[in-house]
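*Asks:* Starting from the known structure of chain C, fit chain A onto it as the hints suggest.
So the sequence lines, in the order shown, correspond to chains C and A. Under my numbering, the first residue of the first sequence is numbered 6, with each subsequent residue one higher. Under my numbering, the first residue of the second sequence is numbered 6, with each subsequent residue one higher.
You can take every hint at face value.
In this list, chains with the same sequence are indistinguishable; a pair is considered to hold if it fits within one copy or across any two.
List time: in silico DSS-like cross-link candidates among lysine-lysine, alpha-carbon distance up to 30 Å: (1) Lys36 - Lys309; (2) Lys206 - Lys28; (3) Lys206 - Lys33; (4) Lys83 - Lys254; (5) Lys83 - Lys28; (6) Lys33 - Lys309.
No lab work stands behind these hints: they were computed from the structure. Source: prediction; values computed, not measured.
Number of protein chains: 2
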Amino acid sequence: MKANLADQNPLPVSFADVEAAAKRLQGKAFKTPVLTSQTVNKQTNSQVFFKCENFQRTGSFKFRGACNALMQLSETEKRQGVVTFSSGNHGQAIALAAQLLAIPVTVVMPTDAPKVKQEATRGYGAEIVLYDRTQVSREELTAKIAEEQHLTIIPPYDDARVIAGQGTAALELIAEVGELDLLLVCCGGGGLLSGSAIAAKTLSPRCKVIGVEPEQADDAARSFRTKTLQTVNNPDTIADGARTPSLGKLTFPLVLHYVDDMATVSEEAIRTTMFFMWERMKIVVEPTGVLAAAALLSGVVKAKNQRVGVIVSGGNVDLREVDRFF
Amino acid sequence: MKANLADQNPLPVSFADVEAAAKRLQGKAFKTPVLTSQTVNKQTNSQVFFKCENFQRTGSFKFRGACNALMQLSETEKRQGVVTFSSGNHGQAIALAAQLLAIPVTVVMPTDAPKVKQEATRGYGAEIVLYDRTQVSREELTAKIAEEQHLTIIPPYDDARVIAGQGTAALELIAEVGELDLLLVCCGGGGLLSGSAIAAKTLSPRCKVIGVEPEQADDAARSFRTKTLQTVNNPDTIADGARTPSLGKLTFPLVLHYVDDMATVSEEAIRTTMFFMWERMKIVVEPTGVLAAAALLSGVVKAKNQRVGVIVSGGNVDLREVDRFF
Numbered sequence: 006m007k008a009n010l011a012d013q014n015p016l017p018v019s020f021a022d023v024e025a026a027a028k029r030l031q032g033k034a035f036k037t038p039v040l041t042s043q044t045v046n047k048q049t050n051s052q053v054f055f056k057c058e059n060f061q062r063t064g065s066f067k068f069r070g071a072c073n074a075l076m077q078l079s080e081t082e083k084r085q086g087v088v089t090f091s092s093g094n095h096g097q098a099i100a101l102a103a104q105l106l107a108i109p110v111t112v113v114m115p116t117d118a119p120k121v122k123q124e125a126t127r128g129y130g131a132e133i134v135l136y137d138r139t140q141v142s143r144e145e146l147t148a149k150i151a152e153e154q155h156l157t158i159i160p161p162y163d164d165a166r167v168i169a170g171q172g173t174a175a176l177e178l179i180a181e182v183g184e185l186d187l188l189l190v191c192c193g194g195g196g197l198l199s200g201s202a203i204a205a206k207t208l209s210p211r212c213k214v215i216g217v218e219p220e221q222a223d224d225a226a227r228s229f230r231t232k233t234l235q236t237v238n239n240p241d242t243i244a245d246g247a248r249t250p251s252l253g254k255l256t257f258p259l260v261l262h263y264v265d266d267m268a269t270v271s272e273e274a275i276r277t278t279m280f281f282m283w284e285r286m287k288i289v290v291e292p293t294g295v296l297a298a299a300a301l302l303s304g305v306v307k308a309k310n311q312r313v314g315v316i317v318s319g320g321n322v323d324l325r326e327v328d329r330f331f
Numbered sequence: 006m007k008a009n010l011a012d013q014n015p016l017p018v019s020f021a022d023v024e025a026a027a028k029r030l031q032g033k034a035f036k037t038p039v040l041t042s043q044t045v046n047k048q049t050n051s052q053v054f055f056k057c058e059n060f061q062r063t064g065s066f067k068f069r070g071a072c073n074a075l076m077q078l079s080e081t082e083k084r085q086g087v088v089t090f091s092s093g094n095h096g097q098a099i100a101l102a103a104q105l106l107a108i109p110v111t112v113v114m115p116t117d118a119p120k121v122k123q124e125a126t127r128g129y130g131a132e133i134v135l136y137d138r139t140q141v142s143r144e145e146l147t148a149k150i151a152e153e154q155h156l157t158i159i160p161p162y163d164d165a166r167v168i169a170g171q172g173t174a175a176l177e178l179i180a181e182v183g184e185l186d187l188l189l190v191c192c193g194g195g196g197l198l199s200g201s202a203i204a205a206k207t208l209s210p211r212c213k214v215i216g217v218e219p220e221q222a223d224d225a226a227r228s229f230r231t232k233t234l235q236t237v238n239n240p241d242t243i244a245d246g247a248r249t250p251s252l253g254k255l256t257f258p259l260v261l262h263y264v265d266d267m268a269t270v271s272e273e274a275i276r277t278t279m280f281f282m283w284e285r286m287k288i289v290v291e292p293t294g295v296l297a298a299a300a301l302l303s304g305v306v307k308a309k310n311q312r313v314g315v316i317v318s319g320g321n322v323d324l325r326e327v328d329r330f331f
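Same shape as in the complex, but just chain C (with noise of 0.2 Å):
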């Protein structure tokens, strides 16, 4: 069945892709550290590895597919320029990249994005369009600005090299412990995820890889359970990093072949992780970031005498904030 879908559409993404991007990548993302935790361990009576991509560059895993996009740009486009159109995680990993490489980069903002994410996009260099967005599509005035202004779109997760690229934190965490029986992935749009699964069932062949949503946004976890593609609408959740309203067309079907399950957790299991992760492992780790550990922690998977792997995707927190996670 999954080897027919495969048939049928050949994949957008293959595993020399995501080694490609980790070539690419050498010099320009970290190779972010992996860290363990002996009460996690008792815990779960499992070794878990924590791929701490809170670490990378722009605090999160999102500079890598960034990166890797637009290391593949023609030289016309990147004296062009690019544009995104995320106030969050994305928009910040474009706006580094492209600073890194030389390319002009224009965010498209709502106006009422954090005044902190506005300060630390501007202060990679990159313009920002500001747009209401009880008025206007982002999605339309991005289109209109790139035509416009001959800009390549770089979108935060259904692209080839934006996947490839996120698969290589996966790839480098088995390259650093060896094999797993198991990866938790976070999943929003799919873009971690997908790339993740790749890079597992290929250097790992055993590995079960899981992708881990909140209850509250669960259209990944339903779409895998139905093979049809369900969206949510401005889902109540704290993981603000997965109110994604559907997975891509290109994540899609790379879910539906690499991925083996999808589970979901509670805004209440995610709290308590963040806050254990916070605590008592000393990283600073957003919602988002802490969706794969909740899945383990909380016990929604069962992880017993196997060698685990976690990713932890990002730490963009306002601690000013952190009274709104009580």
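*Replies:* Only chain A this time, still in chain C's reference frame:
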């Protein structure tokens, strides 16, 4: 002058003691990671190595000294047990070290010590004795309990075994990254500072060692300058680990002999540095834990084109209290 001081009163801790502590702690204390930050390197025009003791067991360097002290007790002392009077990092460190070594342990704490700290200490198997700090002197109560129950008191810093243990963090740092031009270390009672200085001056003889205190609790800086022991009384600083009234009988001569200079940092610099390390470096650090980094990042200590070691001493913060730091 300094040589004379050492000649007249043989110093209580030598590098051999630190080396012996490092051997003793193998497999007990963690070898904590050394982190770097491109932003910090650019901002300071130096190469800065953060030795992250916030990742140490119990969340601070204190575990090193506690464990080194307990491992040197006689079999009788171990059987009878130990007592200490710290509601903070030393108390938790003694509690865990005693648990690992199967030594009975009593921790004397004020009735108003935060519930989380009481629970953490009890979680390590310690017996807690509460006292009303408006009525009772903790030193007297501890001495009374020690005498009545034949327990050994393990003081938080003024103890040769504790000092030697604390020196192992700097030893590990220099063993990992090589010789340094400058080492910055926070200073409360001076245990970490004197231990670090002993290690640095032996392993990297040209390394300048600077101790850092809050401006509000500058007793050690004044003691250093006047060569006479100065005190502070319950100083108003968020760096609670530096509220100790003075250097100790052992740490004062060690600081005078091995340390090159003392610096002080403002509360604002402590706060700013703490948020920088949380938000940009993605590590959870406590106010006292950032004192050394604050001296560098606020410009109080200049270090152009140098190789700089910074000890990050701990990361024990109750997140529910973060807003009191704003």
